[in-house]
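J.: Spelled out, the chains give:
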Amino acid sequence: MKETALTRVHRELGAKMAEFAGCNMPIQYEGINAEHETVRRSVGVFDVSHMGEIIIKGPEALSLIQKITTNDAAKLTDGKVQYSCLTNDYGGIVDDLLVYRLDIDTYMLVVNASNIEKDFTWIKLKNTVNAEIENISDKISLLAVQGPMALATLQKLTKVNLLEIPYYNFQINTLAGISNVIISNTGYTGAGGFELYFSSVDAPVLWNHIFDAGKQFGIRPIGLGARDTLRLEMGYCLYGNDIDDTTSPLEAGLGWITKFDKEFTAHQILREQKSGGLSRRLVGFEMLDRSIPRHDYKIYSENGVHIGKVTSGTQSPTLKKAVGLGYIDSDFATENTTVFVSIRNKMCPARICRLPFIRTQIS
Amino acid sequence: MYYPTHLLYTKDHEWIKLDGEFAFIGISDFAQKELGDIVFLDIPSLNTVVENEAVFGTVEAVKTVSDLFMPLAGKVIEVNTLLEKSPELVNKDPYGSWIIKVQVNLPIDTTHLLSAEQYTNLVQ
Chain A
1 MKETALTRVH RELGAKMAEF AGCNMPIQYE GINAEHETVR RSVGVFDVSH MGEIIIKGPE
61 ALSLIQKITT NDAAKLTDGK VQYSCLTNDY GGIVDDLLVY RLDIDTYMLV VNASNIEKDF
121 TWIKLKNTVN AEIENISDKI SLLAVQGPMA LATLQKLTKV NLLEIPYYNF QINTLAGISN
181 VIISNTGYTG AGGFELYFSS VDAPVLWNHI FDAGKQFGIR PIGLGARDTL RLEMGYCLYG
241 NDIDDTTSPL EAGLGWITKF DKEFTAHQIL REQKSGGLSR RLVGFEMLDR SIPRHDYKIY
301 SENGVHIGKV TSGTQSPTLK KAVGLGYIDS DFATENTTVF VSIRNKMCPA RICRLPFIRT
361 QIS
Chain B
364 MYYPTHLLYT KDHEWIKLDG EFAFIGISDF AQKELGDIVF LDIPSLNTVV ENEAVFGTVE
424 AVKTVSDLFM PLAGKVIEVN TLLEKSPELV NKDPYGSWII KVQVNLPIDT THLLSAEQYT
484 NLVQ
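Taken in sequence, the protein lines are chains A and B. Heads up: the first sequence runs through residues 1 to 363, numbered per the numbering used here. Heads up: the second sequence runs through residues 364 to 487, numbered per the numbering used here.
If we strip away everything but chain A, and leave its shape as in the complex, we get (with noise of 0.2 Å):
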């Protein structure tokens, strides 16, 4: 199994451990619930170095990531972030990821863990115009500062004016003494933020200054558990629960992030599905009794015909409700219409409702 810079800390710190994409990787520490609350109240960190970064560099780099992703990325300017979509040639979904661009010749993907292998083959197949591409996955760490406190604890580690990085920006500075560190006004929290991207050699140094540098915010370190019920309460989607590669942007309702006025793979594919109306659609729902629904429980209508299923589900932390996500028959997709999970062979009432689950600065 593979480790990040990271793993002994963790371990030290009492972690609860799991293989997750082939890492191991720290699930909780004193408990999700906790943990969720300490981002949305105030600051947590993530070691999320298990996922991928992939550079793809010169001067046909553009048109490799504008011939493979959804967004446009010609819209991106020297440090600029844009979420987008890798697809397949049946418009299916390969990855979900992040692109930087880090000069007008070299831009960043971050991919999902459980995808690195995958996607890196699939871009060396549909790199026809000879752009450079490197895996640095494992040279790269990443640590997530999330929570309201997240600004004010990195800013006493850095010159740079934190408040002058917008959402979905980045800079190329000095932080904590280490050097070229990408801070990112990102996350995947809703909580506010950023990601740190820099050289594993220098991860426990990092997470040390971080910590104390939160100290009197109460920073604490926070799970994949955790990281679960934020990002579900923010309805964003989730590789592999919510998304695949048989699941389409536009079902998934990243529309947002899906542009015809360029081509990309599958890119008519998509065209038509949406000119002819999607079968079915992501939603979002809450529970109205007890029960939690869980990765592919089934959903039905009223009437009691099979509509759809579950593909995320929790217990909110915030809301203290059960909320989940799912694909469902487009005729049932509105605000408010109630469907029932089959849950223990029971069927419990759920409603659907709008995205995202609760208000944050972000949204």
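Please keep in mind that the hints were generated in silico from the structure rather than gathered at the bench. Just so you know, these numbers come straight off a predicted model, no measurement behind them. Errors might be hidden in some of the hints.
Unchecked claim - Quick list of in silico lysine to aspartate or glutamate cross-link-like pairs, DMTMM-like style, CA-CA up to 25 Å:
{"hint": "1", "chain 1": "B", "residue 1": "K448", "chain 2": "A", "residue 2": "E286"}
{"hint": "2", "chain 1": "A", "residue 1": "K320", "chain 2": "B", "residue 2": "D456"}
{"hint": "3", "chain 1": "A", "residue 1": "K259", "chain 2": "A", "residue 2": "E286"}
{"hint": "4", "chain 1": "B", "residue 1": "K455", "chain 2": "A", "residue 2": "E272"}
Take the given structure of chain A and dock chain B to it, following the hints.
T.: Using the frame of chain A, we list chain B on its own:
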């Protein structure tokens, strides 16, 4: 972790406190820790007779769901209503938080149940 010696245990991580013809059943410290934050206890077996080792309910944690098994045959006569509002009590005080009260037939056969020492050996 802590396993009081006045209780009996199962390999499925329930604890049993015998009191005459009644048994109180909960889950062990090990079980609550493995499950993480508990958010809901679903006990559809109230007022029914449940066989030994059959499922009497389900415990839902944030990330996982797990069945609860009867350690003894008997009738589920009460569900701890405190846990309806505050299921997290099972995490905070697993032995103070009984989940069901069962009426059993006397004499009770406990040969299949584990002592605190036997259970400790199982989970260590």
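J.: Now look at each hint and say whether the structure bears it out.
T.: Here is what the structure says about each hint:
1. B:K448 - A:E286: holds (19 Å)
2. A:K320 - B:D456: Cα-Cα ~21 Å, so holds.
3. A:K259 - A:E286: Roughly 31 Å between the alpha carbons, so the hint for K259 of chain A and E286 of chain A is violated.
4. B:K455 - A:E272: Given that 25 Å is the threshold and the Cα spacing comes to 55 Å, the pair is violated.
Hints 3, 4 from the list above are not met by this structure, while the remaining hints are.
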